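S.K.: Could you slot chain B onto chain A? The hints should help.
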Amino acid sequence: MGRNLKRTFDPNKPLEMQKQEYKQMVKKVSPKPPVIRNSIWAFAVGGLICVVGQAFFNFFEGLGLNTLDAGAATSIVLVFIAAFLTGLGLYDEIARFAGAGTIVPITGFANSMVAPALEARTEGMVMGVGARLFSVAGPILVFGITAAWLAGMLYYLFGPNAPAGS
Amino acid sequence: MTAAKKVGAQTVAFAVPPVVSATATVVGAKEGQGPLGNTFDKVIDDPYCGEESWEKAERRLLQEAFEMTLNKANLKPRDVDYLLAGDLLNQIISANFVARALAIPFIGLYGACSTIYEGLAVGAMLIDGGFAANILVGSSSHYSTAEKQFRFPTEQGVQRTPTAQWTVTGAGALLLTATGTGPRVTHATIGRVVDLGSGDPYNMGAAMAPAAADTMVHHLTDTQRRVEDYDLLLTGDLGIYGKELLEELMRSYGHDLSERHNDCGILIFDRENQDVHAGGSGCGCPATVTCGFIMQKLRERKLNRVLGVGTGALMSPLTTGQGETIPTVGHAVVLEA
Numbered sequence: 001m002g003r004n005l006k007r008t009f010d011p012n013k014p015l016e017m018q019k020q021e022y023k024q025m026v027k028k029v030s031p032k033p034p035v036i037r038n039s040i041w042a043f044a045v046g047g048l049i050c051v052v053g054q055a056f057f058n059f060f061e062g063l064g065l066n067t068l069d070a071g072a073a074t075s076i077v078l079v080f081i082a083a084f085l086t087g088l089g090l091y092d093e094i095a096r097f098a099g100a101g102t103i104v105p106i107t108g109f110a111n112s113m114v115a116p117a118l119e120a121r122t123e124g125m126v127m128g129v130g131a132r133l134f135s136v137a138g139p140i141l142v143f144g145i146t147a148a149w150l151a152g153m154l155y156y157l158f159g160p161n162a163p164a165g166s
Numbered sequence: 167m168t169a170a171k172k173v174g175a176q177t178v179a180f181a182v183p184p185v186v187s188a189t190a191t192v193v194g195a196k197e198g199q200g201p202l203g204n205t206f207d208k209v210i211d212d213p214y215c216g217e218e219s220w221e222k223a224e225r226r227l228l229q230e231a232f233e234m235t236l237n238k239a240n241l242k243p244r245d246v247d248y249l250l251a252g253d254l255l256n257q258i259i260s261a262n263f264v265a266r267a268l269a270i271p272f273i274g275l276y277g278a279c280s281t282i283y284e285g286l287a288v289g290a291m292l293i294d295g296g297f298a299a300n301i302l303v304g305s306s307s308h309y310s311t312a313e314k315q316f317r318f319p320t321e322q323g324v325q326r327t328p329t330a331q332w333t334v335t336g337a338g339a340l341l342l343t344a345t346g347t348g349p350r351v352t353h354a355t356i357g358r359v360v361d362l363g364s365g366d367p368y369n370m371g372a373a374m375a376p377a378a379a380d381t382m383v384h385h386l387t388d389t390q391r392r393v394e395d396y397d398l399l400l401t402g403d404l405g406i407y408g409k410e411l412l413e414e415l416m417r418s419y420g421h422d423l424s425e426r427h428n429d430c431g432i433l434i435f436d437r438e439n440q441d442v443h444a445g446g447s448g449c450g451c452p453a454t455v456t457c458g459f460i461m462q463k464l465r466e467r468k469l470n471r472v473l474g475v476g477t478g479a480l481m482s483p484l485t486t487g488q489g490e491t492i493p494t495v496g497h498a499v500v501l502e503a
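So the sequence lines, in the order shown, correspond to chains A and B. In case it helps, my numbering puts the first sequence at residues 1 to 166. In case it helps, my numbering puts the second sequence at residues 167 to 503.
FYI, nobody ran anything at the bench for these hints, they're computed from the structure. For clarity, every value in this text was computed on a predicted model and none was experimentally measured. Positions of the beta carbon are idealized from the N, C-alpha and C atoms, including for glycine. Among the hints, erroneous ones may be present.
[To be verified] Derived pair list, reagent style SDA-like, types lysine to any residue, alpha-carbon separation capped at 20 Å:
1. A:K23 x B:P367
2. A:K27 x B:K222
3. B:K222 x B:I259
[Said to hold, decoys possible] Here are some, though not all, of the chain A residues that point toward chain B, as calculated from beta-carbon distances under 10 Å:
4. T8
5. G89
6. T102
7. I106
8. L157
One chain only, chain A, in its complex shape (with noise of 0.2 Å):
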């Protein structure tokens, strides 16, 4: 296959050394995945997504919302458009190019909840819907809120208005 991969397993050596060899032999074989492509893809939809959440913010911050307000409604609409488009069956379809353009925004998060829930639909509202709602966005509440709840006792604690410091 021109590959080099001649005399590289030699089956009549013990096991642990036959799993060697052949780990080497699989490395050789399987191709890496495309980075430069992905990362190319991934900051062109991730950024136009980003772009797309920057107009709806202008647009409610036009409508007179102040900047909270303008950013809670900018997440609630991508948050829709995600959990739409994946309803149709299209956003994965997006993600197999962009990668972690789609994973990484928001739009990513309602993805991760969505999916399931379309899935577990047929195991009833409760035990399906309600109990794998969060079985993919699960671990990302864990540690956002864990790292959330870091950062503002770091923040309380060393922070300008740190107790130590008034």
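M.R.: Below, chain B alone, put in the same frame as chain A:
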């Protein structure tokens, strides 16, 4: 005392080779659009097959394959001695529920994607042992049920690695009989469970290639045959990279497969245009390709002797989560025109 029909360490040679007298295949839309599209009996474009869940859809595929096989052979379920079936879902529910509908004495099998070959081997033993005259064997998989159980929800936006394979939506069934016309099962080699340390569930070809090699080598040793004695050595679902690894492993055992090896996972899809990465996989992959394309070639005598090796990865999402490597198995049967 040695077993009368056993040859070597892992192989049995049938005294009166059982006959594959009828086969049927039912597949999904993507498989129907693939290069083997016209070798399948029925293509169902709706991924739900008109049912309300994917699990029910998979059962529908399997049941239709069995019913079609019975129709072709002009038999009723009560004429069949045993039903041998299995699939990928927890507690092999596709097979169990179809067995409930058919009401044929049922032996459930789990060999992951090797199940159709496990069934062929066990079924042929039952017939040649004189315990049965008619046996139905079948296996199924469905892209969405497999993704749901083993990977992510289907609508989850994930990027697949180049070594990932695409689970075939389809079911293959065959009728094994003691007499009749059709391809014959002359030998079976039951595989050992092999693990060369692969733990990546997105590289199943790499995990399963050592099991296919182990069974092939033992088969050739047991029967004192060479690769050249076969028109085709067919593996179940190693995909493009698993194929390369198997051929390299076989070379290290002194066997050159190059011109005579192919893989159901490579045959069933057009890798260039169907976005399946390394190829097809799942119980339905070797089941539909073997019961369809391969049996057709054997009946037409375009192929005269085939060594089919079904390969199965015997892990679960739980063992992968616990950091275990993937145990794999390969079961082989010899099919002659």
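S.K.: Confirm or reject each hint.
M.R.: Comparing the hints with the structure gives:
no.: 1; hint: A:K23 x B:P367; verdict: holds (15 Å)
no.: 2; hint: A:K27 x B:K222; verdict: violated (39 Å)
no.: 3; hint: B:K222 x B:I259; verdict: holds (10 Å)
no.: 4; hint: T8; verdict: holds (7 Å)
no.: 5; hint: G89; verdict: holds (6 Å)
no.: 6; hint: T102; verdict: holds (5 Å)
no.: 7; hint: I106; verdict: violated (13 Å)
no.: 8; hint: L157; verdict: violated (36 Å)
Checked against the numbered hints listed earlier, the structure breaks hints 2, 7 and 8; every other hint is satisfied.
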